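Engineer: Sequence:
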Amino acid sequence: MGYVEEEFFISGTATAFTNVGPLGSDGHWTAIPGDTAAYKTRILVHRPATPSRFNGTVIVEWLNVSGGLDAAPDWIAAHTGMIHEGMAWVGVSAQFVGVEGGSGLLGLPPRPLKTIDPARYGSLVHPGDSFSYDMFSQAGQALRHPPGPDPLGGLRVKALIADGESQSAFRMVTYIDAIHPIAAIYDGFLVHSRGAGGLLGAPLSEPPEPAIGIPSPTLIRLDLDVPVLTLQTETDLLLLQSLAARQDDTARLRLWEIAGTAHADAYTLVSGATDLGKSPDAADLVLTSSPLGAFTCGQPINSGPQHFVVKAAIHWLDRWVRRATPPPSAPRLAIDPGPPAHFVLDAHGNATGGIRTPELDVPIATFSGGGQSGSLACLLFGTTLPFDAATLHALYPTHRAYVSAFNHATLRAVRAGFVTRPDAKLMRAAAARSDVGR
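Just so you know, we're using this note's numbering here: the sequence shown kicks off at 2 and counts up by one.
Because the hints were derived from the structure by calculation, they are not lab data. Accuracy of the hints is not assured; some may be wrong.
[What the hints assert, rightly or not] Heads up, simulated BS3-like pairs for lysine-lysine below, C-alpha to C-alpha not over 30 angstroms straight-line:
1) LYS115 - LYS279
2) LYS41 - LYS279
3) LYS159 - LYS279
4) LYS41 - LYS115
These numbers were taken from a predicted model, which means no experiment stands behind them.
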């Protein structure tokens, strides 16, 4: 792949924050420094081995600790796109659970760094998540102006884009509204799979520091000086209640909602980590109800095309930050307010509206962000229900008919800006080699 993986420790004194005035739903918050504490954490770096391949952009991902360990869901989802475009990626161990241990959100046994490898990580110190926001700021500062060894090996940074998915997206929202106005470290933000706020959000401060929660809903503040792209799945809108925080696009804000997608899916949990970006396998239907061997869900989990849209989002956010070229606006998913609120479905049970991909417009299955049973984790994984043979034959009496329809839908997605050309090539190849209509 032509990339180098390295790990660095960063240390210093981190600051917690408190609020001046109420934290309103509009996100126009004022935070001031509070207590300080010493910390030592790690960052993980993936960068081009050849400096001439670097495009100047660093994606800085707030590592996700929902599973009781550091995880990099957006690196998994979009690494082939980042590598293709020559970006660097840095994962930041910003939270207590990932370093010291504690309960994750998914009920898995905790695997913090200090337990995984005490000899390597035993010297790390995390003072608590109230300090995580400043630790994330200092990680960005160390990339832009390294005070010691350069984690990027001398690469010239043109843009730092902060990124968080799921629980880390909750942190991104609070960071954008409270910390970015006083830190001004990052040039743009990707908020991927956020909740509404409140209990489905990240507090500004928490015990043993003073508890400062955030309201539900919490919006992205509208006086931003940098771009924010919010990327949401079906699961995020209803189960995580982010529908209440839905916002219109502005000059600095884009909201993309992807039809047929779940909070986590088969690509992220099963096949994505080994994808080298050259095989049409990345577009195949993956049917499993037991991802990672850790969960047994009632139905096969979602195998929708979310990862392709994540790569397009990062591509556009990079252009927005560095060239002032905004991403396309996307239609919202069609939702009947109920009660209860529910998606407006087509004849095949797939959601209407939102960002359309070939898998949704030329379907061979019903892809949903809901409909799952089992553990709490399973509820986040959505479902894939393949069509039976009779339905497939009625839709696509010949293989040629299927491939032709799929290729036309792929072209529409590329022209709309929601699928990149390299991924479109893989998608077309997957359709051509499939047995649909044969």
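Engineer: Checking one constraint from the list: CA of LYS115 to CA of LYS279, max 30 angstroms. Satisfied?
Structural biologist: violated, 36 angstroms
Engineer: Take the C-alpha atoms of LYS159 and LYS279, compute the straight-line distance between them, and say whether it is at most 30 angstroms.
Structural biologist: Distance ~28 angstroms between LYS159 and LYS279 Cα, so the pair holds.
Engineer: Mind checking the alpha carbons of LYS41 and LYS115 for me, to see if they're no more than 30 angstroms apart?
Structural biologist: Holds: LYS41 and LYS115 sit about 12 angstroms apart, inside 30 angstroms.
Engineer: Given the hinted pair LYS41 and LYS279, is their Cα-Cα distance within 30 angstroms?
Structural biologist: Given that 30 angstroms is the threshold and the Cα spacing comes to 38 angstroms, the pair is violated.
In summary, the structure is inconsistent with hints 1, 2 from the numbered list given earlier, while agreeing with the others.
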